[in-house]
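Trainee: The primary structure of each chain is shown beneath.
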Amino acid sequence: MARLRSPWAKSRFTEFDALDGVDLDVPWGEALGIVGRNGAGKSTLLKLLTRVTAPTRGRIELHGRMGSLLEVGTGFSGELTGRENIYLNGAILGMTRKEIRSSFDEIVDFSGVAKFLDTPVKRYSSGMYVRLAFSVAAHLRTEILAIDEVLAVGDAEFQRKSLAKMRDVAKDGRTVLYVSHLVQTVTALCTSAVYLDRGRLTYAGSVDGALDVYRRSFEQFAMEQQDPERRPGTGTLRASSLIPASDVFDPAESKRFVLGVGSNPDLVGSYFVSIHVNDASGAVVAQCDSRAVGGWYEASKEQEIQLTLRAPWLKPGRYTVDAFVCQTGVLDAWEGASAFEVLPATPYPEMTLDEATAQGVVLADYDYEGR
Amino acid sequence: MATIVITPPGRLGLPRWRELWAAREVLLRFGLRDILLRYRQTAVGVAWVVVQPLLGAGIFALVFGTVADLPTNGVPYFLFSFMGMLAWNLFSQTIARSSASLVANQALVAKVFFPRLLVPLSSALGVLLDYAVALGLGVVLLIVYGVSPGWAVLLLPVWTMLLLMVALGVGVAAAAIQVKYRDVGYVMPWLLQMGLYATPVAYSLEALEGSPEAVQWLFTANPLTWFLEAFRWSLLGQAAPPLWQIVGMVGAALLVLLGGTLVFQRYERQFADVI
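Protein sequences appear in the order of chains A and B.
First residue of the first sequence? That's 1 in my numbering, and the numbers climb one at a time after it.
First residue of the second sequence? That's 1 in my numbering, and the numbers climb one at a time after it.
Hint data in this document are derived by calculation from the structure and do not stem from the laboratory.
Take the hints with a grain of salt, since some may be wrong.
[Claimed, not checked] Derived pair list, reagent style BS3-like, types lysine-lysine, alpha-carbon separation capped at 25 Å:
{"#": "1", "chain 1": "A", "residue 1": "K122", "chain 2": "B", "residue 2": "K180"}
{"#": "2", "chain 1": "B", "residue 1": "K180", "chain 2": "B", "residue 2": "K111"}
{"#": "3", "chain 1": "A", "residue 1": "K171", "chain 2": "A", "residue 2": "K161"}
{"#": "4", "chain 1": "A", "residue 1": "K98", "chain 2": "A", "residue 2": "K115"}
{"#": "5", "chain 1": "A", "residue 1": "K98", "chain 2": "A", "residue 2": "K165"}
{"#": "6", "chain 1": "B", "residue 1": "K111", "chain 2": "A", "residue 2": "K165"}
Kindly produce the complete structure, drawing on both the sequences and the hints.
Mentor: Following this line, the structure appears as structure tokens:
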């Protein structure tokens, strides 16, 4: 609206250094993991290294060609066939025609879409699409390869295959730069790691060391967030506490939380809250928005709002809980407001091996009936 | 092994030619994609390439040749406007396609690095194909109407290249500016439409005889007029343009292309952030 009223007004902005003072030397053949919280500058670092954006100051030296696997499938054209897309995408990623031609069969083989090579990719299933895109990128023959969270594509079988492929790349004596939230893949793939904290490099060394700093940062972050002044949101209304009924739960039991919210008589209208449950890798497992169940609250007095989470069953492990207080905008965003543990018990009637429950994000409540 | 050094870009700078050359495959693939996509999933497919210029010239012949009866230096009107449109389409289509090309490939520009200059440049390939087909039709028309252009036809590739350079210079700059200011996308079609009427495409300079000196001067100062005259010299055997115009065309081509490239380089560093 403001823009409509005064279309010639200059838009205001503040400058901000996404990265500063990052001095880093990566030797040949190293697989370097880059970890850090959201907004730490990991992706910016990769974008600078791959020259997608330009730095405002500083200097980067690359001894060799840089290939990137930043986002699978950008540069794919829906109307083109698989074959045409392999050539187009290969060229964009920096392969010469000779290189593409010589690895063409390998690419097709790896992707497993040989039968549909002459079908426009818009008719592909999303799995096929992603697999083909990954295969092209994975067969880049550059001396340095930058990877940003792309291994989380395809089914479990394909993920395993691509992780193995990435490991081969690193073993080939090529340099790999890998950014991920998934701690397991960093451990599996990398030989050394760095930790970025709000644009600064605060740790460089072994993978275990970096992951340790990374894990500790969660605790520190949760501590900091206890102070409402340091939390994002407009601050017109703040949550005061989020207390789980217990520190430990069984997978299948109902999990209760009590969210305390302060009062602000000046706030017009009612507000709603949302509580998110995140697993250890940071993925949001459950988003419990009070709007969805008709939960609206008045700010005239302090509120104690109780959430009962009945389903799904949670897998054993550590979970963090975020609390949000919102009206038209976010009034208070409290990440890491609380945490709880789910005990390693099985809610199922039969004892099974771990692999029977390893794949899902949560434990499903299901039955089988024969015929 | 080549060492690549990345430093903050300066305010002005020319592209790294070696990098552009190394990535020529991208140019080709982009051009190929544009050509393939244009007529895929169409009923008559490639026939559109032939139908479009004929229909365009036909309508002009009807409106300007028959209804308005504009002068053409004695050339049959249909042939006259066909050749005019041939040159004009090369110019306007190149600008239209290249200026929209970066925004159309948004995802790519924001996520992957490659010499981005190749994106607007590649849109010329599709236009050149259309041009070649229309030129083939033009040769048939010349034979049908019994018009011989003479030896000047040998200079046609030169005019084609110079006009393409002007169009690419404008298109490349427009593409870069459009990344930040989408206004370009609204202004450009309008400007091209104006240009079509302000340039003697559908009429010859004869039509201006008797109009005030200032108006005539204005038309002569338009570089596109020089190109149109040169094209008609080479294609219809009309009078050759004066030497200063030919020199002017070469100068304009070099200047506009260089200027466009500099503008592009100037804006390129922010592409991924603002697109």
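Trainee: If a hint holds in the structure, say so; if it doesn't, say that too.
Mentor: Evaluated hints:
A threshold of 25 Å between alpha carbons decides the hint, and for K122 of chain A with K180 of chain B the separation of about 30 Å lies outside it, so the pair is violated. Restraint check for K180 of chain B and K111 of chain B: satisfied, since their Cα atoms lie roughly 17 Å apart, inside the 25 Å limit. Under the criterion of a C-alpha separation no larger than 25 Å, the hint pairing K171 of chain A with K161 of chain A is consistent with the structure, at around 15 Å. Restraint check for K98 of chain A and K115 of chain A: the C-alpha separation of about 23 Å stays at or below 25 Å, so the hint holds.
Between the alpha carbons of K98 of chain A and K165 of chain A the distance comes to roughly 22 Å, so the proposed pair stays at or under 25 Å and holds. Between K111 of chain B and K165 of chain A the alpha-carbon distance is near 22 Å, which keeps this suggested pair within the 25 Å criterion.
Of the numbered hints listed earlier, the single one contradicted by the structure is hint 1.
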